[in-house]
Every structure is written in structure tokens, then in C-alpha cells.
Amino acid sequence: MASLREIKTRINSTKKTSQITKAMEMTSAAKWNRAVVNAKAFVPYMNKIQEVTASIAIGSGGVNHPMLTHRPVKKTGYIVMTSDSGLAGAFNSNVLRRVSQTIKERHKSNDEFAIIAIGRVARDFFAKREMNVILETIGIPAQPNFADIQDITRATVGMFADGTFDELYIYYSHYLSAISQEVLEKKLLPLSDLTASDKLISYTFEPSAEEILEVLLPQYAESLIYGALLDSKASEHAARMTAMRNATDNAKELINHYTLVFNRARQAAITQEITEIVGGAAALE
Amino acid sequence: MKTIKVSIVTPDGPVYESDVEMVSTKATSGDLGISPGHMPLVAPLEITSVRLKKDGKTEFVAVSGGFLEVRPDQVTILAQSAELASDIDVERAVKAKERAEQRMKDHHAEHTDFRRAELALQRAINRLAVSERRM
Chain A
-11 MASLREIKTR INSTKKTSQI TKAMEMTSAA KWNRAVVNAK AFVPYMNKIQ EVTASIAIGS
49 GGVNHPMLTH RPVKKTGYIV MTSDSGLAGA FNSNVLRRVS QTIKERHKSN DEFAIIAIGR
109 VARDFFAKRE MNVILETIGI PAQPNFADIQ DITRATVGMF ADGTFDELYI YYSHYLSAIS
169 QEVLEKKLLP LSDLTASDKL ISYTFEPSAE EILEVLLPQY AESLIYGALL DSKASEHAAR
229 MTAMRNATDN AKELINHYTL VFNRARQAAI TQEITEIVGG AAALE
Chain B
9 MKTIKVSIVT PDGPVYESDV EMVSTKATSG DLGISPGHMP LVAPLEITSV RLKKDGKTEF
69 VAVSGGFLEV RPDQVTILAQ SAELASDIDV ERAVKAKERA EQRMKDHHAE HTDFRRAELA
129 LQRAINRLAV SERRM
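Chains as they are written, first to last, in the working numbering: chain A, -11 to 273; chain B, 9 to 143.
Bear in mind the hints are in silico, worked out from the structure with no lab data behind them.
Fair warning: there could be bad hints in the mix.
Coverage of chain A stretches by chain B, computed from C-beta distances (three or more under 8 Å per stretch; other residues unrestricted) [said to hold, decoys possible]:
hint : region
1    : 114 to 123
2    : 130 to 143
3    : 192 to 202
Using 27 Å as the maximum straight-line C-alpha spacing, the simulated DSSO-like pairs for lysine-lysine come out as follows [to be verified]:
hint : chain 1 : residue 1 : chain 2 : residue 2
4    : B       : K10       : A       : K36
5    : A       : K36       : B       : K62
6    : A       : K36       : B       : K105
7    : A       : K28       : B       : K13
8    : B       : K13       : A       : K36
C-beta: ideal position from N, C-alpha, C; glycine also.
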């Protein structure tokens, strides 16, 4: 059995760790709250832009736009969203596993796909495996603004427009609740899931439907990416909060166990001392 | 007086929501004024101000990267960013303006950064103008 001092050191270090995980749990909880609020604030914009885009794209009939038309796929783009830091349970590894499996199934060589990595974990993962990362961004704040990621969304949509890749998928962790998130794969471009809502309104277009789509579609695609980011942030903080809560609980359990061991060892030492004294006294008689 | 419901929404959340008598703004194809009962319309907006007339007073909102959608019962403005005149951070806009001007001096006119700086300058000027309500 370990010595008393060793057990004591272990109890102390576990206590310190549990303080850290507890603090991390609380900061994540605060961030998670705000992330959920942000994601909610985005919903009206998303619904509206979807509605308008759908009614224009469908309502105006024979409008052709490169972002709406399927073309033969030579190269596929993948946007992968992870966090910058770890300690979020299986949050990052779930996304990365899903992406690497899909890529392995769909592609034979590195030239058939390109990766846009958002978050340090994704970037390091793909860079280490020498997979084709064409764009990366790290250090996105916990409460991102649209302006924070506009550079990357614009560049990504631009790459589709100039033919760097012919279709674009996004992988991110979708927030279901504080304790469950699921990895989602969504096809972003070409835009395909435009379904008109209740009733179509026949708009007048000023100047013309084509010119409006020219501006609206990239904005719509950018909004989809931003929406996924907000979703992913909410998942990240929820996942980290849960992971840290588990860590704190485990630490508490360990501390209880070690305290028991410590007390037992102390008692054993005392008993042994008494036995020795009694034995010594008996020998003198 | 007849009113129409106006909402201005951005990716960072709704900015304005109210019933107004008239909306006036500048679309890429020219100045627009929307009164209740306007026909359905979609138009992209310049980096500009939106003036909302209500009870004899006029409110100003700075928008950039926006769209105007008019329905029989509602006007919606979708913008990448939008701020009420009272919410504009003047100091930040002044700094952004100086930064953009500096950048435009540093780059050639064909450079993409030049175009970006130009847009940033437009946004900053627009914000400043709206904050002083002199549009």
C-alpha cells in the first residue's frame, strides 16, 4: 500500500484538478447559454432569406444561375467545423471521424477533394494527414459575429463560383440538447433544397430576377455556413460543459476513494504502533 | 394614417420591428419609397440608410449588404449588418474610415484589397452619415 504522504499528495492534486474542471464547466455553461441565444437570434434571418430565395428561384421559373445548376463533379469541397481547443468530450472526434470515413469511401486520391478547415483541431488533423486543406481559419470567438467569418464564407463561395470545386458539403455538430449533439452532413452547393413555403408571391424584381439572384444566392450560401457555425458553437460549449461535469464527478469519486484509503492506512499505522508498544511492554515483564 | 409592418433582420438578430407610415431607402436601381399597399417587390440595396417615418418622426438605420422585400402586409429588410442611428459606434466608424483610407493609399486600384477597402470606406461613411442623421 502507498504511504500516507503519497495518498495525501494524490488527494490534493485530484482536488486541484476538480477545481479546474469545475471552473471550466461553469465558463462553458455561460458560453453555452449565450451561444444558444445567438443561434436563436439568427433564425428569423435564415427563415426570411430562405423564403425569399426560394420564392425567387422557383417563382421566376427559367432562371439559370451557376449556384443552382449541377455540373459534373471533378472535385468536392468539404467544410469541416470543429473547435479550437479540446477537452470537449467526443465533440471533435465525432466530426473528424465522420469526415475521414466519408472521404475514404468516396475518393481515391487527394486530388478529388479539398478541405476547408474551421477550427484548430480540424486544421491540425488534416494537415497532419497531409490531406488537401485549401482554406483554414482558427481563433473564431465563442460568440462569433457574421463579420468574423465573412472572409472565409466569401472565399468558400467564391471557390465554388470559379470552379475550384464543383460541389460543397459541410460537416458540423448539430445541437440537439445540452447532452446530445449529432454530426450532420449537409450539401451546400449547388443549392438544391429550396422548397417554397406556403404560398408563392409573384414579386416585381428591381432591376431583374437574374441580377437579384446574383447577389442573393452567395449571401444565402454564406448564411447557411454562418448558421452551421452558430449551431456548432452551441454544440461545442454544451459538449464541453458535459465533459467537464463528468470530469468533476469522477474527481469527486476519486477523492472519496482516496480519503477512505488514507483513513484506513492511518488507522493501520496507529494499530501497528499500539501493537508494537504493547508487544514491547509485554517483553519487559 | 395607414401603416405597414417593417422588420429589419441581420444574421446577428433582429434590429428593428415596428409599424411605420413610410419606408424610404436607396436600391441599386435608384431611390425607393414604400408606402402601405405597395406591390410585392424585391430589390437589392446599396450601402445606405433606411428612413422609417412614424408619427411625424423619422428613424434612421444604417444597412449594408441588404435586400428589400415588400409583401402586401409587410416590408422586410435582410441585411448583413444594420444599426439604428442611436446604436452606431461613432468612434469605431471614424477609425474604420481612417483605416480604409490608409489601405486605399497602400494598394493599387486593381488589387482586391483596394476594392475591399473601398467598400469598408463606404460602410464607415454611411454609418457616420446616419449617426448624424444628415441623409
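Hints versus structure:
no., hint, verdict
1, 114 to 123, "violated (count 0)"
2, 130 to 143, "holds (count 4)"
3, 192 to 202, "holds (count 6)"
4, B/K10 / A/K36, "24 Å, holds"
5, A/K36 / B/K62, "24 Å, holds"
6, A/K36 / B/K105, "31 Å, violated"
7, A/K28 / B/K13, "22 Å, holds"
8, B/K13 / A/K36, "15 Å, holds"
Checked against the numbered hints above, the structure breaks hints 1, 6 and satisfies the rest.
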